[in-house]
Each structure stands twice: as C-alpha cells, then as structure tokens.
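First residue of the sequence shown: 1, per UniProt numbering; consecutive thereafter.
Treat the hints as calculated values from the structure; they're not laboratory data.
Mixed in with the good hints, there may be bad ones.
[As the list claims (entries may be wrong)] Result set (BS3-like, lysine-lysine): computed pairs, CA atoms no more than 27 Å apart in a straight line:
{"#": "1", "residue 1": "Lys16", "residue 2": "Lys232"}
{"#": "2", "residue 1": "Lys212", "residue 2": "Lys241"}
{"#": "3", "residue 1": "Lys41", "residue 2": "Lys27"}
{"#": "4", "residue 1": "Lys246", "residue 2": "Lys147"}
{"#": "5", "residue 1": "Lys147", "residue 2": "Lys50"}
{"#": "6", "residue 1": "Lys169", "residue 2": "Lys246"}
{"#": "7", "residue 1": "Lys211", "residue 2": "Lys132"}
{"#": "8", "residue 1": "Lys240", "residue 2": "Lys34"}
{"#": "9", "residue 1": "Lys132", "residue 2": "Lys232"}
{"#": "10", "residue 1": "Lys27", "residue 2": "Lys50"}
{"#": "11", "residue 1": "Lys143", "residue 2": "Lys36"}
{"#": "12", "residue 1": "Lys36", "residue 2": "Lys65"}
{"#": "13", "residue 1": "Lys193", "residue 2": "Lys28"}
{"#": "14", "residue 1": "Lys143", "residue 2": "Lys232"}
{"#": "15", "residue 1": "Lys246", "residue 2": "Lys232"}
{"#": "16", "residue 1": "Lys27", "residue 2": "Lys193"}
{"#": "17", "residue 1": "Lys83", "residue 2": "Lys169"}
{"#": "18", "residue 1": "Lys16", "residue 2": "Lys28"}
{"#": "19", "residue 1": "Lys232", "residue 2": "Lys193"}
{"#": "20", "residue 1": "Lys132", "residue 2": "Lys297"}
{"#": "21", "residue 1": "Lys169", "residue 2": "Lys65"}
{"#": "22", "residue 1": "Lys212", "residue 2": "Lys240"}
{"#": "23", "residue 1": "Lys36", "residue 2": "Lys193"}
{"#": "24", "residue 1": "Lys147", "residue 2": "Lys132"}
{"#": "25", "residue 1": "Lys212", "residue 2": "Lys143"}
{"#": "26", "residue 1": "Lys143", "residue 2": "Lys41"}
[Unchecked claim] Pair ranges (Cβ atoms, derived):
{"#": "27", "residue 1": "Met144", "residue 2": "Ile176", "range": "22 to 28 Å"}
{"#": "28", "residue 1": "Asn51", "residue 2": "Lys214", "range": "47 to 53 Å"}
{"#": "29", "residue 1": "Met111", "residue 2": "Ala44", "range": "26 to 32 Å"}
{"#": "30", "residue 1": "Ser37", "residue 2": "Lys246", "range": "18 to 24 Å"}
{"#": "31", "residue 1": "Tyr113", "residue 2": "Tyr245", "range": "45 to 51 Å"}
Glycine is no exception: its CB is placed at the ideal position from the N, C-alpha and C atoms.
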Amino acid sequence: RNAFLGLEYRCQTLIKIYDHFMEDYAKKVDCGMKAKSILTKYHAVYSHLKNFLQSRYHVSDIALKEIQPTFITDFETYLLAEKHLHCNSVWVYSCPVRMLLHRAVENGWLMHYPFPDCSVPKEETEKGFLTKEELGQLINAPKMNFKRTFIRDLFLFCAFTGLAYIDLKNLREENIVSNPLDGSVWIHIHRQKTGVETNVRLLDIPLQIMKKYKGLCDDGRVFPVPSYNSCKMILRTVMKKCCIYKHITWHMARHTMATVVCLSNGMPIESVSSVLGHKCISSTQIYAKITNEKLNKEMNVLSEKLADIGEFVTSEDFT
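My request is simple: use the sequences and hints to build the entire structure.
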C-alpha cells in the first residue's frame, strides 16, 4: 500500500537502507558466502557516515530524496580533512555509499543517481611481491619449529596457486580434483570475494605441501588454517629468519604468483587472469608487474631477432 501511494519512496533514508544492507551481508558472512573482513570495513564506513551526518547536518539520518550532489564530495572532504584518511581510503569508503544510492535507484526509491564521478581519484599503488631470489630463500628456509614451518608452507601454497587467504581457509577436499586423462591435480573453487569460478592446476610444490599435511583436518578442510592475524604475525617472523626485509602481507603470495611464478615465465596474461579468478583482465594488469628478469629475457629475444639486420660500423673513413 505504501509503495502504491508513493510513501515508500518518500520514507527511505540512507542509514535505514545501510542497516538493511549490513543485515543481509552479515547473513551471507554466516553462510560462508562473503568475507567477514569486508563486513568489518562496511561497519567502519557506517560509523564514519553517521558521524559525518551529525557533524555536517546535525541529524542521525537523512532521507534519500534530500541527498544532493554535494553530499558525496562533502563526505569525502570530511574523511580527508577531519579523519585524515589517505586518498585511497577515502575512495574505498565512498564506494559503499555510492553503491547504496545506485541500489536505491534500481529499487525505485530514487528517481535518479545524485552523485557525480569520483572527486577523489584512486591512486596507483605498488603491489608488493617476493622476487625469484626471495622465493628461493623462503623455500630453503633455515630449520624452524612446526608452527613457523607450517605458516611458511601455507604461504608458499598460496604463492604457487594464487589463492587468497580466505580461499585457502575455505579449501576443502572436494575442491581437489584429479584429471583422469593425464593424472594432473586441480583446485576447483569459487572465489569468496567475487564468486568467480577458479581452476588451478597444482604444481609440484603445492602438491608436496598437501601431502605433507594430509590428515591434519578431520572436518573436510585441506589445511587447519589459523586466524589471519596469527598467520600474518608468524609469517613476518619467518621472513626475517629468511633474511627477507620488506613489508609483508599475506596477499603478497597472490601478487608473487601473478608476477614471478606466472608472467615472468611467459604465461599469457589471459591465463593468469583465469588462474587468479579475476572478473576482468584489467584487475590482473594491476597485480602483474614486469620484473627485470622478464624484461631482460624479452630484450634478449629481440636482440636475437635483430641480429641479422646488419652490422653497425663504428669506425668510418669520412674522407
């Protein structure tokens, strides 16, 4: 009845639809469909948004129809100037607000999308990865206790499969499939972050790691993966033991897979994109960095192709 009378359109508010969105998202997290870390980010945005409404408009909520184009730029300025967030954090924090307003238009709660394009552009950031030499140092790590060795091996597993931490944690025995034609072993999963189907052939190192820890789990999981914070802290200790001194994140394993394991060894970027489970190849291009080794190989090939073009004479008689 409210929808028929047009009351639903007038009554929808920003915080109200944000509440409903987070309730639905939390249910998906409970079902294992979405990552809890993303829900945490949505909660952070929610908190900033409520504080902004109170600070800028002196209200606890705002009707969708009252939102003007300047709302999003004011919110971004608030995050930059008062919360001292980096440009990329501001970009990330404004995305959920923009997404909710797009949904409001789709649901008929708004006649048109009120915001202009992003006023705070996302800056390019360097994606850290281990070099080929550092990967070798990690593989040949000094003797450590079981816990550190286990975390080292989990990181290597991700570095040779491209799995994100959450997909490693969710990996189950039924996701490991053998190809009856050639005996190769594959991981078949849907990435939790994007829902994209990912098929990864297991190379020798991840196969050895699976064999090494087989039987540790009795609930169908491949590995008993500890919490993210625990993995990260132990991993940083392991890296120092291996004389690798750089800022370490677990996601570096995925960057290493894209850059050092795949692209530097000549795998086409389309195949790398498929292995990483990206929706579009532009995502892979951000991860994939051209290493000096790959560049040197390609320049050697180019040099060989140009070898028969003719000999350049450096000493000439100009008389």
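Hints, one by one, checked against the model:
1. Lys16 with Lys232: violated, 36 Å
2. Lys212 with Lys241: holds, 22 Å
3. Lys41 with Lys27: It holds: about 16 Å lies between the C-alpha atoms, which stays within 27 Å.
4. Lys246 with Lys147: holds, 21 Å
5. Lys147 with Lys50: violated, 42 Å
6. Lys169 with Lys246: Since the Cα atoms of lysine 169 and lysine 246 sit roughly 25 Å apart, the hinted pair holds (cutoff 27 Å).
7. Lys211 with Lys132: Holds, at roughly 24 Å.
8. Lys240 with Lys34: Judged against 27 Å, a Cα distance of about 33 Å means the pair is violated.
9. Lys132 with Lys232: Roughly 21 Å separates the two Cα atoms, so the pair holds.
10. Lys27 with Lys50: Holds - the C-alpha atoms of lysine 50 and lysine 27 are around 23 Å apart, at most 27 Å.
11. Lys143 with Lys36: It is violated: about 34 Å lies between the C-alpha atoms, which goes past 27 Å.
12. Lys36 with Lys65: violated, 31 Å
13. Lys193 with Lys28: holds, 12 Å
14. Lys143 with Lys232: Cα-Cα ~19 Å, so holds.
15. Lys246 with Lys232: It holds: about 13 Å lies between the C-alpha atoms, which stays within 27 Å.
16. Lys27 with Lys193: holds, 15 Å
17. Lys83 with Lys169: violated, 34 Å
18. Lys16 with Lys28: Given that 27 Å is the threshold and the Cα spacing comes to 19 Å, the pair holds.
19. Lys232 with Lys193: Judged against 27 Å, a Cα distance of about 19 Å means the pair holds.
20. Lys132 with Lys297: With Cα atoms ~14 Å apart, lysine 132 and lysine 297 stay inside 27 Å; holds.
21. Lys169 with Lys65: violated, 43 Å
22. Lys212 with Lys240: Roughly 24 Å separates the two Cα atoms, so the pair holds.
23. Lys36 with Lys193: It holds: about 10 Å lies between the C-alpha atoms, which stays within 27 Å.
24. Lys147 with Lys132: Holds, because 24 Å separates the two Cα atoms, which is no more than 27 Å.
25. Lys212 with Lys143: OK: lysine 212 and lysine 143 at ~16 Å, within 27 Å.
26. Lys143 with Lys41: violated, 38 Å
27. Met144 with Ile176: 22 to 28 Å: Once the Cβ atoms are compared, 27 Å apart, the range 22 to 28 Å for isoleucine 176 and methionine 144 holds.
28. Asn51 with Lys214: 47 to 53 Å: holds, 50 Å
29. Met111 with Ala44: 26 to 32 Å: Given a distance of about 30 Å, which is inside 26 to 32 Å, the answer is holds.
30. Ser37 with Lys246: 18 to 24 Å: About 23 Å separates the Cβ atoms of serine 37 and lysine 246, which means 18 to 24 Å holds.
31. Tyr113 with Tyr245: 45 to 51 Å: holds, 47 Å
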